[in-house]
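Asks: Chain residues, written in single-letter form:
Protein chains: 2
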Amino acid sequence: MAEKITARSVDYSQWYIDIILKAKLADYSPVKGSMVIRPRGYAIWERLRDELDRRFKATGHQNAYFPLFIPMSFLKKEAEHVEGFSPELAVVTHAGGEELEEPLVVRPTSETIIWAKYRDWIQSYRDLPLLYNQWANVVRWEKRTRLFLRTSEFLWQEGHTAHETKAEAVAETEQMLEVYRHFAEEILCLPVIAGKKSEAEKFAGAVDTYSIEAMMQDKKALQAGTSHFLGQNFAKAFDVQYQTREGGLEYVWATSWGVSTRLVGAIIMTHSDDKGLVVPPLLAQDEIVIVPIFKNETKADVLAYTAKLEAALKADGRRVVLDADENNSPGWKFAEWEMRGVPLRVEAGPKDMAAGSVVLVRRDTGTKLVVKAEELPTMVASQLAAMQKEMLEKARAFRDANTRDVADRAAMLAFFGKEGAGIDTATGGFARGLWCGGRDCEAKLKAEIKVTIRNMPHDMQDNIAGGCCLCGAPAKHRAIFARSY
Amino acid sequence: MAEKITARSVDYSQWYIDIILKAKLADYSPVKGSMVIRPRGYAIWERLRDELDRRFKATGHQNAYFPLFIPMSFLKKEAEHVEGFSPELAVVTHAGGEELEEPLVVRPTSETIIWAKYRDWIQSYRDLPLLYNQWANVVRWEKRTRLFLRTSEFLWQEGHTAHETKAEAVAETEQMLEVYRHFAEEILCLPVIAGKKSEAEKFAGAVDTYSIEAMMQDKKALQAGTSHFLGQNFAKAFDVQYQTREGGLEYVWATSWGVSTRLVGAIIMTHSDDKGLVVPPLLAQDEIVIVPIFKNETKADVLAYTAKLEAALKADGRRVVLDADENNSPGWKFAEWEMRGVPLRVEAGPKDMAAGSVVLVRRDTGTKLVVKAEELPTMVASQLAAMQKEMLEKARAFRDANTRDVADRAAMLAFFGKEGAGIDTATGGFARGLWCGGRDCEAKLKAEIKVTIRNMPHDMQDNIAGGCCLCGAPAKHRAIFARSY
Chain A
484 MAEKITARSV DYSQWYIDII LKAKLADYSP VKGSMVIRPR GYAIWERLRD ELDRRFKATG
544 HQNAYFPLFI PMSFLKKEAE HVEGFSPELA VVTHAGGEEL EEPLVVRPTS ETIIWAKYRD
604 WIQSYRDLPL LYNQWANVVR WEKRTRLFLR TSEFLWQEGH TAHETKAEAV AETEQMLEVY
664 RHFAEEILCL PVIAGKKSEA EKFAGAVDTY SIEAMMQDKK ALQAGTSHFL GQNFAKAFDV
724 QYQTREGGLE YVWATSWGVS TRLVGAIIMT HSDDKGLVVP PLLAQDEIVI VPIFKNETKA
784 DVLAYTAKLE AALKADGRRV VLDADENNSP GWKFAEWEMR GVPLRVEAGP KDMAAGSVVL
844 VRRDTGTKLV VKAEELPTMV ASQLAAMQKE MLEKARAFRD ANTRDVADRA AMLAFFGKEG
904 AGIDTATGGF ARGLWCGGRD CEAKLKAEIK VTIRNMPHDM QDNIAGGCCL CGAPAKHRAI
964 FARSY
Chain B
484 MAEKITARSV DYSQWYIDII LKAKLADYSP VKGSMVIRPR GYAIWERLRD ELDRRFKATG
544 HQNAYFPLFI PMSFLKKEAE HVEGFSPELA VVTHAGGEEL EEPLVVRPTS ETIIWAKYRD
604 WIQSYRDLPL LYNQWANVVR WEKRTRLFLR TSEFLWQEGH TAHETKAEAV AETEQMLEVY
664 RHFAEEILCL PVIAGKKSEA EKFAGAVDTY SIEAMMQDKK ALQAGTSHFL GQNFAKAFDV
724 QYQTREGGLE YVWATSWGVS TRLVGAIIMT HSDDKGLVVP PLLAQDEIVI VPIFKNETKA
784 DVLAYTAKLE AALKADGRRV VLDADENNSP GWKFAEWEMR GVPLRVEAGP KDMAAGSVVL
844 VRRDTGTKLV VKAEELPTMV ASQLAAMQKE MLEKARAFRD ANTRDVADRA AMLAFFGKEG
904 AGIDTATGGF ARGLWCGGRD CEAKLKAEIK VTIRNMPHDM QDNIAGGCCL CGAPAKHRAI
964 FARSY
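Order-wise, the sequence lines are chains A and B.
For the first sequence, the numbering used here assigns the number 484 to the initial residue and increments by one for each residue that follows.
For the second sequence, the numbering used here assigns the number 484 to the initial residue and increments by one for each residue that follows.
Read the hints as simulated data drawn from the structure, not as lab findings.
Watch out, some of these pointers could steer you wrong.
Because identical chains share one entry, a pair is satisfied inside a single copy or across any pair of copies.
[Unchecked claim] DSBU-like cross-link-like pairs, simulated, lysine-lysine; straight-line CA separation at most 30 Å:
1) Lys559 to Lys626
2) Lys559 to Lys515
3) Lys758 to Lys797
4) Lys649 to Lys507
5) Lys560 to Lys626
6) Lys791 to Lys933
7) Lys540 to Lys778
8) Lys559 to Lys507
9) Lys719 to Lys703
10) Lys505 to Lys703
11) Lys540 to Lys649
12) Lys758 to Lys929
13) Lys834 to Lys540
14) Lys626 to Lys507
15) Lys540 to Lys816
16) Lys816 to Lys834
17) Lys719 to Lys515
18) Lys505 to Lys719
19) Lys540 to Lys505
20) Lys791 to Lys540
21) Lys927 to Lys855
22) Lys758 to Lys649
23) Lys778 to Lys559
24) Lys507 to Lys719
25) Lys877 to Lys515
Predicted, not measured: the structure shown is a model, and the values here were computed from it.
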C-alpha cells in the first residue's frame, strides 16, 4: 500500500498499469488477454453506463438482449464483416458433452444475430424504426493486450437501429455520434474530435464509420466511440425487406454504434498524474474523503467533529468516506487517497476544530482552501463542479497545444519523429493536414512511422483548397493524423 | 396483433409461451436453447435488477466483473463442482485462428475463477470480508429448454463473498436468502418459502444450499433464488488462506448466491391470465395506458382532454402512454394493452369529458372506477399500490389453498396423482410432510411420481415428532414436496 507508482516521464506504459493495479481498478485474469474489473474500476464503469443509458433512453432507444453465441454461417453472410472479424474469433466447438454440428462464435459484435432476428420482426414501414441497444460482453481475441484499452473480452454497449430511409439512418448515425461527443466532454471530461473515418479504418461491413477521438497524455490518439452507417448491407445479407408506404418492397437501412470499457482506460490516461488516479467527480466512487488528524488526547473531540462533517455532507447527498483508521498516519492516508483518485480531501485536526473550519484539498490541482465547517457542503458542491469543468479545459488545452497544421511530408515527419519517438513526450500529437483521399498515401505513412488518419473532423471540411500533405495531389479532405492506441 | 392466446385450461405450457411471444417479451434464437430478450421483457428485468442491486449495495456489497472464460483445469479443482457442471459445459477450443493449448469453459457459474483471484487478494484478516457481486451472462447447455425458465444462456447475478469465520459466512448466506425473500414478495409479488435444500438438491460444491420456492398457477414449484454456504471447499481447492487475528493461518469461508432471468418467467406464470400478461406495477414498463374514445366530430376535444390527463400523470412521475392511434378501435386497444400487461387503463370519451371524469380499469381484477379528472393522479397512485399488495395476497391465497399436510405415502400419492397429472390443475400442489432425511426415500419418490423435496422451510422445523411420511422411520425435518420447473 502507498507504494510509489512509476513516473510518466520514466515509463508511460508502466505508469498506466501501476495506477490500475495499485488503485485496484482491475487485475489480470488467469486467461491470457482478459481482465478482472475490480470494484473500484467497476464503480466508474457503472456510473458511466448509467449516464449513457439515460441519454440513449432520452433519444428514444430501448434496451434488449441478444445471444452470446452466433452460428459461424451467420458471420459469413456479410463478406467484409467476416473478413474483418475472422482473425479475432473465439469458437465453441463442443457443448453438453458433444461436438456441435456447426461451430458457434462467441460474439465479437452482434450485427449478424440481430439482423437475423430483425428479419422476423420487420414486415412493414409500421414496424420501423427499431431503436435498440444492448449492454453486453464481447470477445475479440487479441495478440497484444493492455488492461481496459485492449482485452480479449470487454464490456460495451452496441446500438442497432433499423430505418425506412437512408436519410433517417444517416441522421441516426450522426445523432449518436453527437450523443457520444457530449457525453465524453460533459461526463468523462474528454475533449474529442468528431469526424468520419477513412475507408481503411472503417468498421468491417459499414458504408461509413464516424468516430470520436481523444488525445492521451503521451500525445497518442484513442478512439473513444464509433457510430456506423451500415447502409443496406446487413439487410441484404439477411434478406430484411419491408413494405414501403407506397406498397413496394425495400431493404431496411441500418446503423450501429458502440463504446466500451476502453473508456475507463481513456479516463485514466487523460487525467491521472504521478501520484495516481484522477477521475472526473461525476464518475468517482467516493467524492470526498475526510481525514481526521488527532493524538490520543484530542481523538474523541476530533472524531466527533469529523463525524458531524460527514453527516452534513451525506445529508447533502454526497458520496463521502471518513477514514478514521488508527493504523495509518494522516500523511500515509493523504497519499493513499490521492492514489485512489478521490476528488476532494477534507483535513480536520484540533486547530481546525478550534477555528470551526477545515482544510479542503482538490485532487487535480492540489489547491488548498480553508473552509468554515458550516459552509463545507456548499463549498464541496462548487469545487466538484469546478473540477469537472476545469479537467475538461485542461485536457483541451493540452490537446490544442499539441496539435499542429502540417503542410507537407517533411513537416509531418519532423512533427512525429521516427517510429516510437512519440512515446517520449517530446514529439508528436495531432497533425492537421489536407488529404487527397488516397489509400496509398495513408498506407505508406502507417508503414513508415505508424501514423494513421484518425478521422476527418466534421467541423474542418470547409474551404478545402491545396495539395495533399503527403503526396501533393489535389486535396479532398482535412484530416487528423496521429499515432494511436 | 390482438390474436387470442391459448387458455390455461387448454394447454398451460402453450399459454405461457403465447404470452411471451405475443406480448413481445422474448423470442427464440437461431441457436437452439438460447433466447432473445425483447425490449418489453428486458424492461422488466432492468427494473428488477436495479431494485435488487440497491438492496445488495444497502447490505454492503460491491459489483465487480470476472472473465467469461475459465480454464478447464480450474473447474476440476473442486471435485463435486466439476462433476455437477460437466454435462452442461460449452467449450471454446479455438481462438484467434489457432487451437488453444487448454480448452476454455464458458462460465456456468464463477466460483472457480473468482476464488483463483481471491487467492491473490486475500492475505490477512484485514482483507476480509470481501462482499462482491457480479451481473453477468452464464451458459449451461440444456437439452430441454423453455423461454426464461431454462435457457442455455441466461442473465443473472452471482454474489461471492469471503469471510474470516464460519459463523460470519453462515450469517451472510442467511442474510442474502432474506434479501431475496423480501425482494420476491415486495417487488415481484411472489410469496416464497425460504428453507434449506436436501443433500440431493444442493449446489455442486456447497456445504448447504438454501432456496426460496414459489408456486406457479399449475401448482408446480419454481426455485426462485438460491444462497449457498460453501464452507472452506473453494478456499481449499484454490489454496486461499489468511493470517488470522491470532497470527495463525486458516482457510477462508465462502458463500455464493444468485437469481436469474428465470424470475421473469416466474412473474409471468404466477400472475398472468387468459387475456395475457399481468405484472406487478413496480416492474411494469408502462404503468398506465390512456385510450381516448372519439368520433370525427369529438376527436379534437377528446384528444385535448386526454393530453391533459397524460401531462398530469407524467408530472406526477408516472410511466404513462397515450394510445391515440386511429387505425385501431378502442375495443382492440383494450385487448391489446391487457395482453401486454399494462396495470391500469384510463378510458375517456365525450361523456366522460362532459362529466369531467374518466373510467379507470385495473388489469388484475378488471375493476372499473369512475374517477374525477383532477383526482386521477391520486387515484392512480393508490390503485397501483393496492394492486402491488393484492397481487401478492392473491398468489399467497392460491398457494395456501393448494398446500396440504401429508401424513403418509398413501396421502402423498393421492395428493399428486400419477406422473404428469399435476399438470392439469386438478391435483397436486405443495405437500408438507415429515421426512427422515434419507436420500433413498427422496430418490424413490422422484423416480415414481417426479415429486422432489423443494426445501425444508426455516419456519417449520419446530416440534418435529413422528414418522417420515414416506418410510415411517423417525423424522428429522419437515419438508415441502412438489413437482417443479
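Asks: Against this structure, judge whether each hint is valid.
Replies: A quick look at each hint next to the structure:
1. With identical chains, the CA atoms of Lys559 and Lys626 are at most 30 Å apart both within one copy (23 Å) and between copies (27 Å).
2. In this homomeric assembly, Lys559 and Lys515 come within 30 Å of each other (Cα to Cα) both inside a single copy, at 27 Å, and across copies, at 19 Å.
3. In this assembly of identical chains, the alpha carbons of Lys758 and Lys797 lie at most 30 Å apart only when taken from the same copy (27 Å versus 48 Å across copies).
4. Within a single copy, Lys649 and Lys507 get their C-alpha atoms only as close as 46 Å, which misses the 30 Å cut-off; across copies the closest is 27 Å, which meets it.
5. For the homomeric pair Lys560 and Lys626, the shortest alpha-carbon distances inside one copy (26 Å) and between copies (28 Å) are both at most 30 Å.
6. Taking the shortest alpha-carbon separations for Lys791 and Lys933, neither the intra-copy value of 56 Å nor the inter-copy value of 61 Å comes in at or below 30 Å.
7. Proximity of Lys540 and Lys778 under a CA criterion of 30 Å is satisfied in neither setting, with 52 Å inside one chain copy and 34 Å between copies.
8. Only between protomers do Lys559 and Lys507 lie at most 30 Å apart by alpha-carbon distance; the minimum there is 29 Å, versus 40 Å within a single protomer.
9. Taking CA atoms no more than 30 Å apart as the test, Lys719 paired with Lys703 passes in neither setting, with 38 Å inside one copy and 46 Å between copies.
10. Within a single copy, Lys505 and Lys703 get their C-alpha atoms as close as 24 Å, which meets the 30 Å cut-off; across copies the closest is 51 Å, which misses it.
11. Proximity of Lys540 and Lys649 under a CA criterion of 30 Å is satisfied intra-copy only: 23 Å inside one chain copy versus 45 Å between copies.
12. Taking the closest pair of Cα atoms, Lys758 and Lys929 never come within 30 Å of each other, the shortest separation being 34 Å inside a single copy and 63 Å across copies.
13. Proximity of Lys834 to Lys540 under the C-alpha cut-off of 30 Å is found in neither arrangement, the shortest distances being 50 Å within a copy and 36 Å between copies.
14. Proximity of Lys626 and Lys507 under a CA criterion of 30 Å is satisfied intra-copy only: 24 Å inside one chain copy versus 41 Å between copies.
15. In this homomeric assembly, Lys540 and Lys816 come within 30 Å of each other (Cα to Cα) only across copies, at 25 Å, whereas the closest approach inside a single copy is 41 Å.
16. Taking the shortest Cα distances, Lys816 and Lys834 sit within 30 Å of each other inside one copy (19 Å), while across copies they are farther apart (71 Å).
17. Taking identical chains as interchangeable, the C-alpha atoms of Lys719 and Lys515 lie at most 30 Å apart only when they sit on different chains, with a minimum of 24 Å there against 37 Å within one chain.
18. Taking the shortest Cα distances, Lys505 and Lys719 sit within 30 Å of each other only across copies (27 Å), while inside one copy they are farther apart (49 Å).
19. When the C-alpha separation of Lys540 and Lys505 is checked against a cutoff of 30 Å, the pair qualifies only between copies, where the shortest distance is 24 Å, while the shortest distance within a copy is 36 Å.
20. Proximity of Lys791 and Lys540 under a CA criterion of 30 Å is satisfied inter-copy only: 23 Å between copies versus 39 Å inside one chain copy.
21. For a Cα distance limit of 30 Å, the shortest separation of Lys927 from Lys855 qualifies neither inside one copy, at 62 Å, nor across copies, at 75 Å.
22. Taking the closest pair of Cα atoms, Lys758 and Lys649 never come within 30 Å of each other, the shortest separation being 50 Å inside a single copy and 40 Å across copies.
23. Proximity of Lys778 to Lys559 under the C-alpha cut-off of 30 Å is found in neither arrangement, the shortest distances being 70 Å within a copy and 53 Å between copies.
24. Only between protomers do Lys507 and Lys719 lie at most 30 Å apart by alpha-carbon distance; the minimum there is 25 Å, versus 46 Å within a single protomer.
25. In this assembly of identical chains, Lys877 and Lys515 lie within 30 Å of each other by CA distance neither inside one copy nor across copies; the values are 36 Å within and 52 Å between.
Figure legend: structure checked against the earlier numbered hints; hints not met, in rising order: 6, 7, 9, 12, 13, 21, 22, 23, 25.
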